[in-house]
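> These are the residues of each chain, in order.
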Amino acid sequence: MGEPFVMRALLAGLGLAVIAAPLGCFVMWRRMAYYGETVAQSGLIGIAVGLGLSLNLTLSVLVVTLAVSGLLLVLGRQKLVPLDSVLGILAHSALALGVIVASLVRGPQVDLMAFLFGDIFAVTTADLQWVLIGGLAALVAVLGIWRPLLALSLHEDLAAAEGVPVERVKLVFMLVLALVVAIAIKIVGVLLTIAFLIIPAAAARPLSETPEQMAFFAAIFGMLSVAMGLFVSISIDAPGGPSIVLVLSILFLSSILPSVLRQIAR
Amino acid sequence: MQERTQRPLERPVAASPAHEACAGHHDHGDGGAAASGAAPSALASLRGVSLAIGGRKILDGISLDIGAQEIVTVIGPNGAGKTTLIRVLLGLQAPDAGEIWRSEGLVVGYAPQRFDIDKSIPMTVARFVAMGRVSASNTDIADALKEVGAAKLEERQISELSGGELQRVILARAIVRKPALLILDEPVRGVDYSGEAELYTLIGALRSDHGMGVLLVSHDLHVVMAQSDRVICLNRHICCSGVPQSVAQHPEYARLFGSQTARALGVYLHHHDHRHDLSGVPEPARPRVAGRIPPE
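In the order they appear, the protein sequences are chains L and H. Mapping of the first sequence onto our numbering: position 112 corresponds to residue 112, and the numbering continues sequentially without gaps. Position in the second sequence (first residue = 1) + 1000 = our numbering.
Calculated directly from the structure, the hints in this document are not laboratory data. Every residue, glycine too, gets a C-beta built ideally from N, C-alpha and C. Incorrect hints may have been included.
[Unchecked claim] Facing chain L, according to a computed beta carbon distance under 7 Å, are these residues of chain H, among others:
hint: 1; residue: TYR1110
hint: 2; residue: ASP1116
hint: 3; residue: SER1120
hint: 4; residue: PRO1122
Please put together the full structure from these sequences, using the hints given.
See below:
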């Protein structure tokens, strides 16, 4: 268990859990799970292009996630096709484009599975630096806009009427989300990144009485799942990312169970 | 959009300025606004405000004033532009034409519809109210909640509140700002008449205790707040305006609602000289029927 690649996996996972917690809460409150999913899936294009041109993968993913965020902003303005359909179209188009570009990339064979579901045991020291520095920047940014972001998540017009610079705060949040998704993709993969963001937040919701508590519990759940998931992964030789997400799902189910039972008992 | 602030205004100490009863006028009412320039005592004024969204005219030449300590009720069917009017007044949406004037340093307390508050965020009532003003102390919060009759709710979660409770808490968040103008978007939607009467009594008390001006929006075209100084019927343009009659003056209604409730409720008789066709475009006059409501 003490091998360097395990330690790197553990550190990256724990760091990501802390960064993802407050952001995941906002993704849930602002009903942006599908938005995040679309941004994350578009990351595959960044990976494929990055591999093809031998660029830094996190950077090339970041460029694509930012571009897709901007595209969503523009496409969201028309009213004929609702936003969730736009997201569905873009998510799958991005996935399709990503897979095709990846298949065209020459050189070392691209392990698509590793990018779709992440390869946490392949985390490098450079990846760890991204988690540390990029993650810290993201965390500082989210804490900086915490209060106004909370206000506009409750009610956008009310926040605006009370003086919150709504568009600016939303833009910062969008940028931070693109950054964290780009960092997370290297670790938990294109398809599991959003699970890593929203499941800890969802599991924390029933136990929380304040927004800060929810972010705190989400971080605890995230870290717990990383530790347990990696342990399970090593014990039964299962892939790392999916093991973590599965532990998260079990935590969520146990957390939400009492409220489900209460509703049924009514 | 031309927006400018007036000179600081003295708040009239006397009760609300007398308003000529507009009932009986049946022009394309201008909401009691003077022909040009903001009324000197107005907290906020709109002049000839028009707005189209997606090629569809939502507001058409709206002029209205809200004076200090004045209660203005805006009624209109769904899609009449009521919420858009509020957004324009709050400065959240720029009109295509017309002017918005607000008295300098005007503090506005805005109470949106309770149905639009996100309940997936864990939050106590006290915290929710505190978000209305950064500098609000615990005493301010407790006072605001007490004022709306929600003192006991302070530590409850907003997700657990009933509709009526949440409406009061939203009102508390608006008044914790100590506003001179309160803007309420359909506070009585989904509330029964006795609950509606209670809310109107509460809003009336806020006006008399704190001298707030109130703009209240409602989709009920007939039953309005009895204390309204002016009722404005909006259907993209202002169809008519006037003063409500107290329900309590009508023994039949008083029996129907109960005397306590009837005191707070008013009826508004419309005086339209035009109709709206199916797309909402005004048609020229027809033999007028008093009390006729504009069809959607």
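> Now, for every hint given, state plainly whether the structure supports it.
Checked hints:
1. TYR1110: Holds, because the Cβ-Cβ distance from TYR1110 of chain H to chain L comes to roughly 4 Å (cut-off 7 Å).
2. ASP1116: At about 6 Å, which falls below the 7 Å cut-off, the nearest Cβ of chain L leaves the hint on ASP1116 of chain H intact, so it holds.
3. SER1120: At 5 Å from the nearest chain L Cβ, SER1120 of chain H passes the 7 Å test, so the hint holds.
4. PRO1122: Since the shortest Cβ distance to chain L is 4 Å, the answer is holds.
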